[in-house]
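Participant: The task is to assemble the complex, starting from two chains supplied on their own in separate frames and drawing on the hints.
Line by line, the protein sequences are chains A and B.
Residue numbers for the first sequence follow the working numbering, beginning at 6 and rising by one.
Residue numbers for the second sequence follow the working numbering, beginning at 701 and rising by one.
No lab work stands behind these hints: they were computed from the structure.
Wrong hints could be hidden among the right ones.
[Said to hold, decoys possible] Take a look, some chain A residues computed to stay more than 12 Å from chain B by CB distance: (1) 26; (2) 59; (3) 103; (4) 111; (5) 135; (6) 145; (7) 160; (8) 164.
[Stated by the list, open to error] Listed next, the stretches of chain B that the computed footprint assigns to chain A, with coverage defined by at least 3 CB atoms under 8 Å from CB atoms of chain A: (9) 807 to 821; (10) 829 to 838.
C-beta atoms are modelled at their ideal positions from N, C-alpha and C, and glycine is treated no differently.
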Amino acid sequence: MLDKVLFYFFAGLAVVSAVLVVTRRNAVHSAIFLVTALLATAGIFLQLRAEFLFAVQIILYVGGIMVLFIFVIMLVNLDVALHQVQFNRQWLLALVLAAVLGAQLAFALWPGRSALAFPEARVAQLEPNTERLGQTLFRSYMLPFEIASILLLVAMIGAVVMAKRKV
Amino acid sequence: MNALINFFRPHLLPLLYALVIVLVLPLIAGYVVLLERKVMADMQARLGPMRVGPHGLLQPIADALKLLIKEDIIPESADLWIFWLAPVLSVTAAMLAMSALPFGPAFQIADLNIGLLFILGISSMGIYGIVLGGWASNSNYSLLGALRSSAQLVSYETAAGMALVSGLLLAGTLSMRRIVEVQSEQGVWFIFLAPVGYFVYVVASIAETNRAPFDLPEAESELVAGYMTEYSGFRWALYFLAEYANMIVVAAIATTVFLGGWLRPFSGVRALDFLDYLPPLLMLLVGAYCFLRAPRQPAKVQKGFLAAVGLLCFGLAGILGLALLPPAAAFKPGIHGGFWFLLKVFFYIYVFMWLRFTFPRYRFDQLMKLGWHFMIPVAIVNVMGIGLALVLHRQFGWGLAPALVVTTAGTLLAAGYLAYVGQQRQSAFVGDT
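Isolated chain B, as found in the complex (with noise of 0.2 Å):
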């Protein structure tokens, strides 16, 4: 009996953490539904979800719910048990990817020493569940849709794995932590470092996830819903999960390679320490125009409700705060660590929105020249530029910045000759029809 709480001992952090992930990831990516849509009605001039709650803020739980009790349609045709497996191979893979992601120097699953290449294998594997979804569901969108879905995946992949090279040189690790960790050693994000790497990855990783302006497998317009034409109810809200949650992924790879994780920002200055009131008065301002908004809603469980999150906030700001007093010391790295990274992952997320109610949607086809004749070559003429700077810095003993702004223009020049005769085949096209 001893040796067996003895071996579970190690393991029990770990699985309070992954608990943790798999309840609240559900919460969360149905609440970053509502900000898509809030921003999107902000950028429309709407007010978006008003209904339920005060400003919509139930409206996740009333679209949960609406999504387990509607009727579950199978077609009939359809191959019973891969249409069953689909959407959880989705969710199974978004959710195994971010067991080792860090979200703070304490708040990770595992510190893998393959982390990176894990996380990029394992969130491809999340293709399955679109490819097969789209197959058993005997429909020609759904069809179209898993095909085009796995060929823009397989596409923009290697393009996000080089942009992400970039990254791991500078770095010298795979590990999620250790990377973090030379980022702060160095005193400098990565993405002043390779900003091109940085670019082409955020770019890949609208694809990979099948973002407007690149959701051409979930093209309305086209394919009805694509890949998820055929499904309704839990299953479809299973497919969402598995969308929002790769979201997440990826923004979270790219806090973490290129925006320094969950440093702050200067973490380095002496000068600038005064950041660290920061959080703290951020949420104690939040939860204070809650209590403002309050009264002014017009039900009772309204008033109730925006007045709970408002002592929410308050609750995370006597965290953060308490946590800047020295006997907390010890949990300071902790807890400020996880508000920055996830506000940095939010950030990223936002930028995702931005773009897709900002941007038209791509054809398909240039779509695919964009990948190939522009991110791909693009991508490895950077990862060959940082090789080449870092060799300057170690063998030739040039200063790092300099060697870096040498070969970064030099990738700008390749990247700018790639689009200057992709433009010129482009006008020879339109010249020849």
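Same shape as in the complex, but just chain A (with noise of 0.2 Å):
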């Protein structure tokens, strides 16, 4: 029951910020909405007993990206941005685009819908998933893990390099 509440509760407010992120017309609402979007999907994954990924979400996506986000946004000039010709309302187009979407998706959730029920979260058999994440992606995928950091090493010293051509 709680876990029903809590989790229409997040993917409601989820929904809801991501439409505000949209048509918002000042960037910094915008990006604040989108901080609330990421916040309830973090909830979500704490209902789901995923605490590490919602810990991880919160530090990652919430305390670092979005932080650089609004930082990026603040240096540049939003008056000029406000008050030039908005070319985003296409509303006729976006409908038609939203609909044939929804019905993809209708479509493709349709012949599994009866695993959509709610299921029962066992607690007592969930174990803490920090120490197996850890575990997993140390043991059995050691080399897929250490070949993606090292993609993202290089992406950053690609920024760096590019940013700053004297050193």
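Facilitator: So this is what it looks like as structure tokens:
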């Protein structure tokens, strides 16, 4: 019961704030609603007993990436952007596309509709997943994990080199 | 109805704790401010606040009242909603982080198995209060302060996180309670196993709480008051509360991870059990001193107040002493644990003040250079060193102590090299211009 309430609360919050992200004209307001959407997603992770994902979602997306987003938004001149002609008011096209996408989703979900019922999370059987995640990443998937981290490192160094020509 | 009661029963105690924290925190923050002013006065050979109450003991109450009834000014072109939201966000994040802190073996709202990650994540959200407040004020000083603050926080969060990882490696758990228990089982505080990590955390936590010598976001000589320039009255008080709550949070994290949490010094040594008598004796002494000074106060109110403080100390001494008696053995860890934890937290905060009044402020580029060129590399080398020591200990059968001595020496060498390179670069830079 409580699980359901929490799920619908966080899911609703995520959807509403996601809609607000694209409808606000002020970029800072959009960024704030994006933060809310990310937090609501973190709440859903927590409701699914994935506490490590919850913490990582908050630390990485909310505490790291979005701060940089807002940082950049503040540095650009918002007033100019506010008074420019918006080119994203294309209701008809958007509606058609959304309807097509919705139909596709419904078509894909329809065969598996019996699995949509709310699952019962058996709290006693869930183990702390931080340790599980660590062991999986560093034992079974060591190589892919390291390759992914090297990829990120390359991107990082690339960004530094591109941004700073003269060292 | 019964089901409802059964549902809420396990949450009753945590709710009570949360209530206590929310109610007591503003008071504690106020008195930390008073302590800070007194310490500052002492270091500058002055008396500090003396007017309100004996030795200024009622000053925080007066300040709070003043702030509450002050006019609430909102700049005309401010973004109203965000201007309202920002200080609240700051306070909420700081208070939420407290929910996972173990103030003693008994006094903890929730022992999460991701405890430390939760605290780090939640307290990193406090930055939104600063950034949004600075932006919503629509003032250049505020915006600059907010930008400086966010750059500083993002930079030093990495160093702080890496420093904490060295403690986590030794503990092998994220749960705040387990971290202290592991220190109790091993019979040593992690500050002695990972001194470099502790040092990096102290520096990074000062930078994260925006305090001198890293208080650039609110450098008075350049930015008026930084992100809170346009705030006044109650909202300003909220920012202040958040700042001091954050100080308590970082002090509590350092206490838990590196200073043995609620453990008494030498808690494993039977021969030193007489240290248990220290807390009640200390309280007794403070109370007696208050009573001794009470008749010499000028006004009747002040006499009464000081006597009341003395009584409070006697009461605390009584509670701490009674907990030592055999019938109350069940309560002893909770009560004495709380005492030691708070003592360590306040010692940490005292060190903050000490540094604040004895160091000149850094320049912003120096701050960034220190963070990125020194603190973060040292923290990373330290994590690798601790990891290496643990491998040597577990896989190759070295003793933990010699392995840690070797790797810490290596870390210090690397730190020395980094400092030397930084010095060279600095002098080359000076030579250029």
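Participant: Beyond 12 Å from every chain B Cβ: check whether that's true for residue 135 of chain A.
Facilitator: For residue 135 of chain A, whose nearest Cβ neighbour in chain B is about 6 Å away, the distance does not exceed 12 Å, so it is violated.
Participant: Decide, holds or violated, for the assertion that all CB atoms of chain B are farther than 12 Å from the CB of residue 59 of chain A.
Facilitator: 8 Å, violated
Participant: Are 3 or more residues of the region 829 to 838 of chain B near chain A, judged by a Cβ distance of less than 8 Å?
Facilitator: holds (count 3)
Participant: Please settle this one: residue 164 of chain A was flagged as non-interface, so is its CB more than 12 Å from every CB on chain B?
Facilitator: Given that every Cβ of chain B is farther than 12 Å from that of residue 164 of chain A, nearest at about 15 Å, it holds.
Participant: Beyond 12 Å from every chain B Cβ: check whether that's true for residue 160 of chain A.
Facilitator: Holds: least Cβ distance 17 Å, greater than 12 Å.
Participant: If we take the beta carbon of residue 111 of chain A, is the closest beta carbon in chain B still more than 12 Å away?
Facilitator: 36 Å, holds
Participant: Count the residues of the region 807 to 821 of chain B with a beta-carbon closer than 8 Å to any beta-carbon of chain A: does the count reach three?
Facilitator: Three-residue rule met by the region 807 to 821 of chain B, so holds; n is 7.
Participant: Verify this label for me: residue 103 of chain A is non-interface relative to chain B, using a Cβ-Cβ cutoff of 12 Å.
Facilitator: 29 Å, holds
Participant: Taking C-beta pairs only, is residue 26 of chain A more than 12 Å away from all of chain B?
Facilitator: 15 Å, holds
Participant: Please check whether the beta-carbon of residue 145 of chain A is more than 12 Å away from every beta-carbon in chain B.
Facilitator: For residue 145 of chain A, whose nearest Cβ neighbour in chain B is about 20 Å away, the distance exceeds 12 Å, so it holds.
In the structure shown, a violation is registered for the earlier hints numbered 2, 5, in ascending order.
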